[in-house]
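Mind docking chain B on chain A? Use the hints.
Letter by letter, the chains look like this.
Number of protein chains: 2
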Amino acid sequence: MKSDILQKELLNILGDRFSESESVRTNYSRGEDIFDPVLPQAVVFPNNNEEISKIIKLCNNNNVPITPFGTGTSLEGHALGNQNGITISLENMNKILKINEEDFDCRVQAYVTRKQLNEELKDKGLFFPIDPGADASLGGMASTSASGTMAVRYGTMKTVVSGLTVILPNGEIINTGVRTKKTSAGYNLTNLFIGSEGTLGIISEVHLRLSPIPENIMSAVCHFPNLESSVQAAQEIIQYGIPVARIEMLNKDQMEISINYSNLQNMEIKPTLFFEFHGSESSNKESIEIAQEITKNNQGTEFKWAQSTEEKNKIWQARHDAYYAVKSQGNNIRVYTTDVCVPISNLVECIKFAENEISNYGLKAPMVGHVGDGNFHAAIIYDPKKKEDYKMIRDFSDKLVEKALTLEGTVTGEHGVGVQKKDYLLKEHPDNISLMKSIKKTIDPNNIMNPGKIFD
Amino acid sequence: MKSDILQKELLNILGDRFSESESVRTNYSRGEDIFDPVLPQAVVFPNNNEEISKIIKLCNNNNVPITPFGTGTSLEGHALGNQNGITISLENMNKILKINEEDFDCRVQAYVTRKQLNEELKDKGLFFPIDPGADASLGGMASTSASGTMAVRYGTMKTVVSGLTVILPNGEIINTGVRTKKTSAGYNLTNLFIGSEGTLGIISEVHLRLSPIPENIMSAVCHFPNLESSVQAAQEIIQYGIPVARIEMLNKDQMEISINYSNLQNMEIKPTLFFEFHGSESSNKESIEIAQEITKNNQGTEFKWAQSTEEKNKIWQARHDAYYAVKSQGNNIRVYTTDVCVPISNLVECIKFAENEISNYGLKAPMVGHVGDGNFHAAIIYDPKKKEDYKMIRDFSDKLVEKALTLEGTVTGEHGVGVQKKDYLLKEHPDNISLMKSIKKTIDPNNIMNPGKIFD
Numbered sequence: 037m038k039s040d041i042l043q044k045e046l047l048n049i050l051g052d053r054f055s056e057s058e059s060v061r062t063n064y065s066r067g068e069d070i071f072d073p074v075l076p077q078a079v080v081f082p083n084n085n086e087e088i089s090k091i092i093k094l095c096n097n098n099n100v101p102i103t104p105f106g107t108g109t110s111l112e113g114h115a116l117g118n119q120n121g122i123t124i125s126l127e128n129m130n131k132i133l134k135i136n137e138e139d140f141d142c143r144v145q146a147y148v149t150r151k152q153l154n155e156e157l158k159d160k161g162l163f164f165p166i167d168p169g170a171d172a173s174l175g176g177m178a179s180t181s182a183s184g185t186m187a188v189r190y191g192t193m194k195t196v197v198s199g200l201t202v203i204l205p206n207g208e209i210i211n212t213g214v215r216t217k218k219t220s221a222g223y224n225l226t227n228l229f230i231g232s233e234g235t236l237g238i239i240s241e242v243h244l245r246l247s248p249i250p251e252n253i254m255s256a257v258c259h260f261p262n263l264e265s266s267v268q269a270a271q272e273i274i275q276y277g278i279p280v281a282r283i284e285m286l287n288k289d290q291m292e293i294s295i296n297y298s299n300l301q302n303m304e305i306k307p308t309l310f311f312e313f314h315g316s317e318s319s320n321k322e323s324i325e326i327a328q329e330i331t332k333n334n335q336g337t338e339f340k341w342a343q344s345t346e347e348k349n350k351i352w353q354a355r356h357d358a359y360y361a362v363k364s365q366g367n368n369i370r371v372y373t374t375d376v377c378v379p380i381s382n383l384v385e386c387i388k389f390a391e392n393e394i395s396n397y398g399l400k401a402p403m404v405g406h407v408g409d410g411n412f413h414a415a416i417i418y419d420p421k422k423k424e425d426y427k428m429i430r431d432f433s434d435k436l437v438e439k440a441l442t443l444e445g446t447v448t449g450e451h452g453v454g455v456q457k458k459d460y461l462l463k464e465h466p467d468n469i470s471l472m473k474s475i476k477k478t479i480d481p482n483n484i485m486n487p488g489k490i491f492d
Numbered sequence: 037m038k039s040d041i042l043q044k045e046l047l048n049i050l051g052d053r054f055s056e057s058e059s060v061r062t063n064y065s066r067g068e069d070i071f072d073p074v075l076p077q078a079v080v081f082p083n084n085n086e087e088i089s090k091i092i093k094l095c096n097n098n099n100v101p102i103t104p105f106g107t108g109t110s111l112e113g114h115a116l117g118n119q120n121g122i123t124i125s126l127e128n129m130n131k132i133l134k135i136n137e138e139d140f141d142c143r144v145q146a147y148v149t150r151k152q153l154n155e156e157l158k159d160k161g162l163f164f165p166i167d168p169g170a171d172a173s174l175g176g177m178a179s180t181s182a183s184g185t186m187a188v189r190y191g192t193m194k195t196v197v198s199g200l201t202v203i204l205p206n207g208e209i210i211n212t213g214v215r216t217k218k219t220s221a222g223y224n225l226t227n228l229f230i231g232s233e234g235t236l237g238i239i240s241e242v243h244l245r246l247s248p249i250p251e252n253i254m255s256a257v258c259h260f261p262n263l264e265s266s267v268q269a270a271q272e273i274i275q276y277g278i279p280v281a282r283i284e285m286l287n288k289d290q291m292e293i294s295i296n297y298s299n300l301q302n303m304e305i306k307p308t309l310f311f312e313f314h315g316s317e318s319s320n321k322e323s324i325e326i327a328q329e330i331t332k333n334n335q336g337t338e339f340k341w342a343q344s345t346e347e348k349n350k351i352w353q354a355r356h357d358a359y360y361a362v363k364s365q366g367n368n369i370r371v372y373t374t375d376v377c378v379p380i381s382n383l384v385e386c387i388k389f390a391e392n393e394i395s396n397y398g399l400k401a402p403m404v405g406h407v408g409d410g411n412f413h414a415a416i417i418y419d420p421k422k423k424e425d426y427k428m429i430r431d432f433s434d435k436l437v438e439k440a441l442t443l444e445g446t447v448t449g450e451h452g453v454g455v456q457k458k459d460y461l462l463k464e465h466p467d468n469i470s471l472m473k474s475i476k477k478t479i480d481p482n483n484i485m486n487p488g489k490i491f492d
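So the sequences go chain by chain: A and B.
Numbering of the first sequence is given in our numbering, commencing with residue 37 and proceeding in unit increments.
Numbering of the second sequence is given in our numbering, commencing with residue 37 and proceeding in unit increments.
Note that these hints are calculated values from the structure, not bench results.
Every value quoted in this text rests on a predicted model; they were computed, and no experiment measured them.
A couple of the hints might just be wrong.
20 angstroms max Cα-Cα, derived EDC-like pairs, lysine to aspartate or glutamate [stated by the list, open to error]:
id, chain 1, residue 1, chain 2, residue 2
1, B, 288, B, 393
2, A, 476, B, 480
3, A, 348, A, 317
4, B, 134, A, 317
5, A, 463, B, 208
6, A, 477, B, 444
7, B, 321, B, 251
8, A, 134, B, 444
With the rest of the complex left out, here is chain A (with noise of 0.2 angstroms):
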């Protein structure tokens, strides 16, 4: 490390939990992003809140800068480390500390993924609904406001999440929130914290709110002659109330690397909408029936289903795996991620321009999308060495997000701001930008936290 005093007070603490090897810090250097990686000068891996108030407090007081790192699966750069800073590796933050069965609400350290707080729930009746493809760290979905394919019915990080244990800047540990269903008690801290990127503190535990397994869960597939029958569908789909849980669209792209990366039997090479319904038996027969009436309107096929609990598996497992098909379609190539959000009214413009501009650049470009809640993704597979493809995509990418502004929609649905979209932030939110820097400042006055994230 550049400092040595800095060095030895850490080592001090974490003993051999800091790392200054060169594998470990490449380890940590970036995301599943497109960025070249950058090593921090160290690595290190606290075992709880103390430590992390400790190394925090070492980093304020010597101007070192911070990059919380979870299970580094963020697409937009968040996780690349600082040359002249360390990255804390929130992995030995994995424990389930508690979970209220009768409330319907746990607590977790900020390292349990997704997939482990459901196994743990799955015999108790509840399970934890938010679903990003990876199988991210809670703390890192609460960092970048993360959601999924059940947002739809569920909600996103920002309605689950209903208190957090933060490190601040200076040190301090705050438990912000509270246990209940609501409460007015002050400035709502928790969804501050809540997609911050780890720029204002480290969020180190989640409390979460829960839903009990529905009685009866089904799945369908459903293929369409063209992207825009099926966008039309999904969104007649919403407009019409139903609840539906899931409502996932895959171009015919996206559909073809999918098949075969995933093994799909029995699907077509089609533009194509994965349903599921939660509910009661009936509840759920009166919401398929109309389902399906709006899709053979739209000219969708006869809904294909998952006829047992291995096959749902499979069909969701796929629509998680879509990024990662996408990246196993040729060695060193980079995917770029679009991640707009519009109305769902505005949806099927959005996603037409979409599909014409890309015709129109030439690009590869399979795309699958949120229908329900208005949002998609168009991954765009380059070559990293061309700096004119790259150029290109952030050609179409300016372009789709301009679009996704005129229609009144936002430039990140869910994936955050991170580095990638730090020019497109300021677009949507010109008026804003003075605020949360004040904000920043505020609570991070030496900016420490994860700097050159959402803003310069």
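For chain B alone, coordinates are given in the frame of chain A:
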């Protein structure tokens, strides 16, 4: 006004929408709370964001405190005037700006009330579900993070507000949030202002998510032999996962008062649950069957069904009028209202504790509860001339708050902190106050926005 210059400048901006008359100042000197009125130096009635911005800038430059005033239905002293300041009534900001039927959202000016909005929505198949007792303004409801009888199903202002227009203490007009169902674009400023009780700026516009009017609505009433069995039944219904739209408790004293005040026919003076089920006919049938079985097991009577829309409205108006019914119990009385909220599994214990202490203190305290959320109110009638009575009530309230906190609850489920619960907030979040205050100081360095509310 103390300052002639300020008086002149406000007159310039507002003309006859600036008033120093004692009767006007008296009308805007308090909410529906227990406090003695505090007359501001003047009351102003701006027509638009730009006027509010000019007023705030003037006040900021002259260090003159501002109290924002909606319908004045706060129970916690939020709307109490400041003797050195001005009160800004939002009552001219009463327009519904846009309803997006296809996307289930709308934008309103701050003074639009929940009933006004629902009147406008009813022909469009949509409704707005957050319903505190009063016909409050939506800006005020955002400021206090309000909820009501339907929060158990539809959430609170925190979950249904997707964006705001806020005028900051420096006069800047900012638009937070976005129309989409989700976003991860930077800090969640919208939720920072929700529940900030006018201490960070003035909310002038609110963007709201709406809900489709359910196909089938069923309302019923069920009496119980004692309070504990009614609350136990509610707890079991929630824990079963039944998606009730409303589940409200009224204790024996409240039933006696409400039967008289609201002229309810065919009701017994006994602890009672008011239910409402929203869904399809068949899904409601399923929910009702289980709810009836649970209430029966807890010694509840057969459900008494509201047979017509008028009957339904009458029941729910009676519930919304519960506080006014208590207030009508005497002239010159005041009503102290508690607002604790606990995890549902601790609700029986908390309500039993309240009931016992009310009896120990010999108080008259009708109780109502949003029991699906773990939130309940004791409304304690007293004579403000008898100082000892107030002391005793506050003593009871202190004990109840302590009990709720040991049960992992919050000191305010939905009414906010205001003036009344500043001590209680310190007890609930001792480690949060410093951060809340630093945010306040950053945004409002001269402490002009509703000073003395939330914290000192």
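Status of the hints after comparison with the structure:
For the hint pairing residue 288 of chain B with residue 393 of chain B, the CA-to-CA distance comes to about 16 angstroms; that is within 20 angstroms, so the pair holds. Taking the CA atoms of residue 476 of chain A and residue 480 of chain B, the gap is about 15 angstroms. The hint holds against a cut of 20 angstroms. For the given pair, residue 348 of chain A sits about 17 angstroms from residue 317 of chain A by alpha-carbon distance, which is consistent with the 20 angstroms threshold. Between residue 134 of chain B and residue 317 of chain A the alpha-carbon distance is near 38 angstroms, which puts this suggested pair outside the 20 angstroms criterion.
Taking the CA atoms of residue 463 of chain A and residue 208 of chain B, the gap is near 18 angstroms; set against the 20 angstroms cutoff, the hint holds. Distance restraint check for residue 477 of chain A and residue 444 of chain B: the Cα-Cα separation of roughly 32 angstroms exceeds the 20 angstroms cut-off, and the hinted pair is therefore not satisfied. Straight-line distance between C-alpha atoms of residue 321 of chain B and residue 251 of chain B comes to about 13 angstroms, which keeps the hinted pair within the 20 angstroms bound. The hinted pair formed by residue 134 of chain A and residue 444 of chain B meets the criterion: a straight-line CA distance of about 13 angstroms does not exceed 20 angstroms.
Checked against the numbered hints given earlier, the structure breaks hints 4, 6 and satisfies all the rest.
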